[in-house]
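Participant: Letter by letter, the chains look like this.
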Amino acid sequence: MSDEHENKSGYQAQSSETIHAQSSEAITGSGSGIAPDMDYVRPAELPEQDLYHPHSFIEKWVFCQDAKVIGVQYFLTAVFTGIVGLILSWLMRLQLGFPGLAGFITAEHYYQFVTMHGMIMVVYFLTALFLGGFGNYLIPLMVGARDMVFPYVNMLSFWMFFVAVVVLMASFFVPGGPTGAGWTLYPPQTILEGTPGHGWGILLMLISLSLFVIGFTMGGLNYMITILQARTRGMTLMRMPLTVWGIFTATVLAMLAFPALLVSSIMMTLDKLLGTSFFMPTILKAGEVLEYGGGSPILFQHLFWFFGHPEVYIVALPAFGIVSDLISVHARKNIFGYRMMVWAIVGIGALSFFVWAHHMYVSGMNPWFGFFFASTTLIIAVPTAMKVYNWILTLWRGNIRINTVMLWCLGFIVTFVNGGITGIFLGNVSVDVPLSDTYFVVAHFHMVMGIAPLMVIMGAIYHWFPLVAGKMLNEKLGKWHFWITFLGAYSIYFPMHYLGFIGVPRRYYEMYDSPYMTSGVGLNEFISTAAFIVGAAQLFLVFNIIKTMKTGKKAEQNPWKANSLEWYTSTVPPEHGNFGDRLPVVHRWPYDYNVPGAEQDYLPQTAAPSEVAHTEVEKT
Amino acid sequence: MSDPNIEGFELEKGFKGMAKDTGSDQTMFKGVHWGKAMMWIFLLSDTFVFSCFLIAYMKGRSSTPAEWPNPSEVFALDAFGVPVPLLLIALMTFVLITSSGTMALAVKYGYEKNRKMCGYLILATALGGLTFVGMQAYEWSKLIHEGVRPWSNPFGAAQFGSFFFMITGFHGTHVSIGVIFLFIYCYKVFAGHYDKGKRGWFTKMKGDYVEVEILGLYWHFVDLVWVFIFAFFYLW
Amino acid sequence: MHVGIIFFLIILGSVLFHIFTPWYWTDIASNWQGMDDTITLTFWIGGGVFVAVCLFMIYCLFKFSYKEGRKVEYKPEDKKLEKILTWATTLGIAALLAPGLIIWNQYVNVPKNALEVDVMAWQWGWQYRLPGEDGKLGTTKVTNINDENPFGINVDDPFGRDDILVQSDYINLENNKPVKILLRSVDVLHNWYVPQFRSKMDAVPGIVTFYWFEPNKIGEYEVLCAEYCGVGHYAMRGGVEVQSTKDYNVWLSEQETFQDLIAKNETLEFEDNKLAKNNNINLKQDIYKEE
Ligand code: HEM
Ligand SMILES: [Cu+2]
Ligand SMILES: [Cu+2]
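Chains as they are written, first to last, in the numbering used here: chain E, 1 to 620; chain X, 1 to 236; chain A, 1 to 291.
The reader is advised that the hints may include incorrect statements.
[As the list claims (entries may be wrong)] Under 7 angstroms between C-beta atoms, here's a sample of chain A residues computed to sit facing chain E:
#, residue
1, Leu16
2, Phe20
3, Phe62
4, Ser65
5, Trp87
6, Ala95
7, Leu97
8, Ile145
9, Asn149
10, Pro178
11, Ser199
12, Ala226
[Claimed, not checked] Pair by pair, the computed Cβ-Cβ distance ranges are:
#, chain 1, residue 1, chain 2, residue 2, range
13, X, Trp236, E, Val346, 54 to 64 angstroms
14, X, Ile144, E, Trp368, 56 to 66 angstroms
15, E, Val346, A, Thr21, 57 to 67 angstroms
16, A, Asn154, X, Pro85, 37 to 47 angstroms
17, E, Trp368, X, Ile55, 12 to 22 angstroms
18, E, Phe543, A, Glu68, 46 to 56 angstroms
19, A, Asp147, X, Ile144, 37 to 47 angstroms
[What the hints assert, rightly or not] Capping the alpha-carbon separation at 30 angstroms, the derived lysine-lysine pairs in DSS-like fashion look like this:
#, chain 1, residue 1, chain 2, residue 2
20, X, Lys16, A, Lys67
21, A, Lys217, X, Lys16
22, E, Lys285, E, Lys272
23, A, Lys217, A, Lys136
24, E, Lys60, X, Lys198
25, A, Lys141, E, Lys285
26, A, Lys67, E, Lys561
27, E, Lys550, E, Lys561
28, E, Lys479, E, Lys561
29, E, Lys561, E, Lys547
30, A, Lys136, X, Lys20
31, X, Lys20, E, Lys60
32, A, Lys67, E, Lys479
33, E, Lys476, A, Lys71
34, E, Lys476, A, Lys63
35, E, Lys561, E, Lys476
36, X, Lys30, X, Lys142
37, X, Lys59, A, Lys71
38, X, Lys30, X, Lys16
39, X, Lys59, E, Lys60
Note that these hints are calculated values from the structure, not bench results.
Remember, predicted model here, so these are calculated numbers, not experimental data.
Where is the CB? At the ideal position from N, CA and C, for every residue including glycine.
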């Protein structure tokens with residue numbers, strides 16, 4: 001194995017000399033000739049990353065190590081699961097709105113749909129999409145790295161996720177069908193007769209979840225270390241775009257919360273397979289005492305929600321981050337209160353480990369916990385509210401482009417605030433008592449962690465599509481897509497809260513033999529109809545993408561006139577290595593829009609102080 | 001990539017300096033190798049896994065209505081006809097901790113580019129790990145012989161066997177994976193991959209002795225976890 | 001322009017919907033008026049914030065939509081404003097939390113004179129047990145449950161002998177008399193929930209959970225299971241009838257005690273009647289079809 005061979009096989013011949021080369025020219029800052037001292041940036045601390053370039057189709061598109069390709073792979077796989085989840089939601093709404101119309105939806109099927117829909121949407125769709133999809137694509141670009149720090153492990157992460165999805169989907173085809181235990185998988189019911197899919201279905205679900213956790217851990221390590229240890233020169237922590245902060249904090253949460261899911265999955269698998277009794281007390285079924293005994297069902301709930309609550313923020317925090325960036329770019333104004341935003345993200349993340357039992361107020365746990373968890377839960381509302389204020393204050397005295405991207409952001413604000421407020425109902429112990437386990441809860445979590453993050457995802461797709469594909473999506477189709485989706489989704493979930501007030505419990509296959517609940521029939525028909533329309537409206541996006549790829553306008557280098565580094569790559573779309581020969585050097589935060597005195601309404605992060613000396617830019 | 005020696009850069013002193021360096025550009029942990037940082041964070045995550053197991057064990061043990069078996073009787077070993085409590089476990093713990101010592105030395109010799117010593121010490125560590133796994137297998141088979149099963153046991157609460165097999169099994173898996181990697185690294189050290197900077201078979205990353213240290217971190221962690229398991233199962 | 005108007009209509013629509021909705025909570029029939037009041041309070045404060053935030057957003061859309069060369073404010077931070085907002089929010093949150101915690105404190109402290117009712121749940125049905133003359137419920141064990149002893153009462157427990165057994169999904173309660181619901185389950189999680197009483201709690205196999213309320217309106221109410229418990233979950237209904245003291249006592253005197261049941265079983269056995277009432281567990285079996 002000689003050096004010669006290595007060169008031929010395409011390694012970038014980088015050695016530790018690079019570090020000297022870079023640091024000797026460090027003082028020249030962005031490299032724009034002879035610059036004064038004010039442009040000084042610390043010398044490079046890291047040598048150039050040693051990248052492995054692909055040599056074959058398979059290495060380039062299948063087992064690819066480039067974070068951008070991995071990001072797209074994650075994205076597409078997650079979207080696939082999302083479509084499955086959407087179809088399941090249609091079938092459920094069909095049953096709820098028009099019971100009996102589709103005769104094949106039996107109660108067993110309904111519960112299987114609920115379970116698979118919930119688990120898919122939360123874990124395989126949103127988590128994978130935000131962290132695996134956006135995380136992989138954006139982190140290296142935004143912090144100015146050539147790739148994730150361990151591309152090989154990153155590649156494994158995706159394929160592990162892929163296998164997890166295959167196992168999950170396989171459960172639709174095994175005897176007994178997928179599990180119908182509810183996405184919370186509460187034992188003892190989960191593994192006992194009486195719950196659909198209590199055999200193969202639940203086993204495959206638990207295996208799939210374990211694989212997901214393992215796969216995610218590999219990816220998460222990459223995201224964290226890339227952000228902590230591989231930023232470009234000048235990219236201090238407080239100069240990172242909020243997207244990166246959101247994804248970073250979410251990843252930390254995931255690394256610490258998924259262990260609880262893994263452990264509870266393992267323990268439940270053993271209960272199922274070996275007949276241990278971790279979660280199984282003495283049980284009498286059909287007149288016979290089962291072989292279980294002495295376990296604690298509530299222990300599972302604690303483990304599950306120790307994962308489950310941070311999971312909510314794993315979905316929400318990246319959405320918070322991304323939406324901050326989108327709003328700032330399209331309002332042409334600096335994000336208001338950046339430092340507050342960062343601390344809010346970190347604070348929410350930290351607090352989210354101390355609120356899990358707010359899902360268990362009426363679970364039979366020691367009722368005194370209620371006081372503690374209600375207080376911590378409502379405390380979280382404060383930093384969350386601060387973030388909302390900062391978003392709308394960013395719009396204040398801005399120069400707001402009301403384009404498709406901004407529309408999705410506005411939709412996010414409305415749905416998120418709405419869902420956040422209903423969260424205060426549910427967090428406040430005694431108010432939760434009448435509402436828990438009713439449709440009020442279903443409406444709340446769909447609004448806050450279903451629709452609101454979805455709005456951000458859509459906005460992000462319209463925003464970054466020109467970067468990923470090099471073409472601009474059609475605005476007109478985009479607006480249709482937005483209005484139908486937003487109005488539809490809002491009219492699904494806003495009225496749904498009131499079903500909860502009547503007292504309709506969640507996870508009810510049908511309801512209308514209860515005299516005082518017949519009033520909900522019309523409402524349910526309306527909700528179902530809206531759900532069908534919203535689902536179908538997603539075809540606008542599909543059509544838009546197809547049309548754009550065929551005939552769309554080619555995107556310029558930085559179509560939105562944004563500041564962050566992903567728009568300053570050597571080519572569009574960026575190639576492997578992202579930034580060509582030279583990594584960018586950063587001199588400012590990414591939010592310098594409309595700086596008084598500047599010729600343009602934006603200052604890229606790479607603009608050196610000497611170049612903008614005549615402006616009133618604040619030191620960042 | 002080995003620990004970079006950053007030119008023209010000095011850490012600032014004091015708490016303020018620390019805060020400033022932490023938030024400063026490029027790296028948060030100055031001069032820390034990527035792989036090492038990654039291992040630390042992985043271990044943090046793994047700590048949560050083991051904590052969940054042990055907390056579940058505490059909760060399970062305290063809430064099960066049946067009586068918990070007495071560990072010093074269940075785990076006693078017959079030595080020359082006398083049942084000695086904790087004998088086997090003491091040996092296992094001793095072996096594992098010793099292997100941590102040899103691992104630490106291997107890391108030291110690795111950085112001194114002393115290929116031979118490093119290789120032999122890794123080999124010794126691997127053998128220590130193997131002995132540990134062997135003794136654990138012996139203990140399992142002894143318990144199984146006595147009728148302890150994951151779902152029941154003759155001594156008392158069924159959860160005793162469940163937690164015991166699950167947690168020691170999970171830890172044993174960690175040790176076994178460590179042993180496999182130790183053997184691989186042992187081969188790589190002797191073959192001189194780290195001296196030549198030969199690229200990894202899969203990762204295509206340049207070999208470096210820092211990898212020995214990274215594996216060492218894992219090994220010490222597995223060792224530390226054992227101390228907790230030891231305390232919770234055998235001493236409580 | 002249009003955008004702002006549409007968003008405005010959405011907010012207006014939401015408020016109007018809330019005011020005129022025909023779908024709202026059922027008339028309360030218990031002492032937990034405080035829960036309803038806290039909900040109303042939360043609606044006022046929370047709804048106010050929602051409307052204010054959205055209106056501010058809409059105002060910005062009207063006022064600051066894109067115009068080439070518009071002068072934009074450049075002010076990354078405003079410490080004072082941020083401080084004011086933080087404290088105002090904290091205050092609002094505290095105002096909501098306080099009543100919530102006070103009511104929770106009432107919820108977890110059961111009055112001394114509450115009547116204990118043992119609610120036993122299984123897949124998929126309910127049955128009830130009331131203390132007899134001694135005012136105490138006998139202890140139970142899941143493994144004791146069989147056809148002769150459907151509640152699994154410990155036969156040696158003297159308190160259990162006079163317990164009143166209601167082997168039906170329906171139970172009667174006395175108006176204006178607090179009840180402490182003691183929940184147990186023989187198989188999986190369930191939850192005994194009557195929307196009109198506002199209160200609920202899971203029944204967890206292996207332990208006994210509780211909550212209390214005081215019915216204060218005579219009438220019949222439906223019991224719903226509010227914790228997912230398998231395919232029959234949605235069909236796991238029962239009923240409560242709240243009666244005046246007089247009617248209640250009449251009903252009570254007609255119920256069978258454990259002692260009666262034992263005696264009856266002995267005669268049945270004597271007649272070797274194999275058609276003895278089977279365990280209720282089979283009653284709802286038809287709901288569950290093997291996949
Ligand atoms: C327009 C799209 C959607 C529709 C029409 C829809 C509809 C539904 C319906 C009908 C249920 C069952 C309610 C019940 O019977 O209790 C449900 C449950 C659920 N949905 Fe969605 N959903 C949608 C999108 C989402 C999204 C994006 C998420 C992601 C967070 C999500 C997460 C969940 C969860 C976690 C459950 C609970 C499952 C369970 O009870 O075990 N849904 N959804
Ligand atoms: Cu939560
Ligand atoms: Cu139920």
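Participant: Indicate, hint by hint, whether the structure satisfies it.
Facilitator: Status of each hint after checking the structure:
| no. | hint | result |
| --- | --- | --- |
| 1 | Leu16 | violated (12 angstroms) |
| 2 | Phe20 | violated (11 angstroms) |
| 3 | Phe62 | violated (10 angstroms) |
| 4 | Ser65 | holds (5 angstroms) |
| 5 | Trp87 | violated (10 angstroms) |
| 6 | Ala95 | violated (10 angstroms) |
| 7 | Leu97 | holds (5 angstroms) |
| 8 | Ile145 | holds (6 angstroms) |
| 9 | Asn149 | violated (12 angstroms) |
| 10 | Pro178 | violated (16 angstroms) |
| 11 | Ser199 | holds (6 angstroms) |
| 12 | Ala226 | holds (4 angstroms) |
| 13 | X:Trp236 - E:Val346: 54 to 64 angstroms | violated (37 angstroms) |
| 14 | X:Ile144 - E:Trp368: 56 to 66 angstroms | violated (42 angstroms) |
| 15 | E:Val346 - A:Thr21: 57 to 67 angstroms | violated (40 angstroms) |
| 16 | A:Asn154 - X:Pro85: 37 to 47 angstroms | holds (38 angstroms) |
| 17 | E:Trp368 - X:Ile55: 12 to 22 angstroms | holds (19 angstroms) |
| 18 | E:Phe543 - A:Glu68: 46 to 56 angstroms | violated (32 angstroms) |
| 19 | A:Asp147 - X:Ile144: 37 to 47 angstroms | holds (39 angstroms) |
| 20 | X:Lys16 - A:Lys67 | violated (45 angstroms) |
| 21 | A:Lys217 - X:Lys16 | violated (66 angstroms) |
| 22 | E:Lys285 - E:Lys272 | holds (16 angstroms) |
| 23 | A:Lys217 - A:Lys136 | holds (26 angstroms) |
| 24 | E:Lys60 - X:Lys198 | holds (23 angstroms) |
| 25 | A:Lys141 - E:Lys285 | holds (14 angstroms) |
| 26 | A:Lys67 - E:Lys561 | holds (15 angstroms) |
| 27 | E:Lys550 - E:Lys561 | holds (25 angstroms) |
| 28 | E:Lys479 - E:Lys561 | holds (21 angstroms) |
| 29 | E:Lys561 - E:Lys547 | holds (24 angstroms) |
| 30 | A:Lys136 - X:Lys20 | violated (68 angstroms) |
| 31 | X:Lys20 - E:Lys60 | violated (40 angstroms) |
| 32 | A:Lys67 - E:Lys479 | holds (20 angstroms) |
| 33 | E:Lys476 - A:Lys71 | holds (28 angstroms) |
| 34 | E:Lys476 - A:Lys63 | holds (23 angstroms) |
| 35 | E:Lys561 - E:Lys476 | holds (21 angstroms) |
| 36 | X:Lys30 - X:Lys142 | violated (50 angstroms) |
| 37 | X:Lys59 - A:Lys71 | violated (62 angstroms) |
| 38 | X:Lys30 - X:Lys16 | holds (15 angstroms) |
| 39 | X:Lys59 - E:Lys60 | violated (49 angstroms) |
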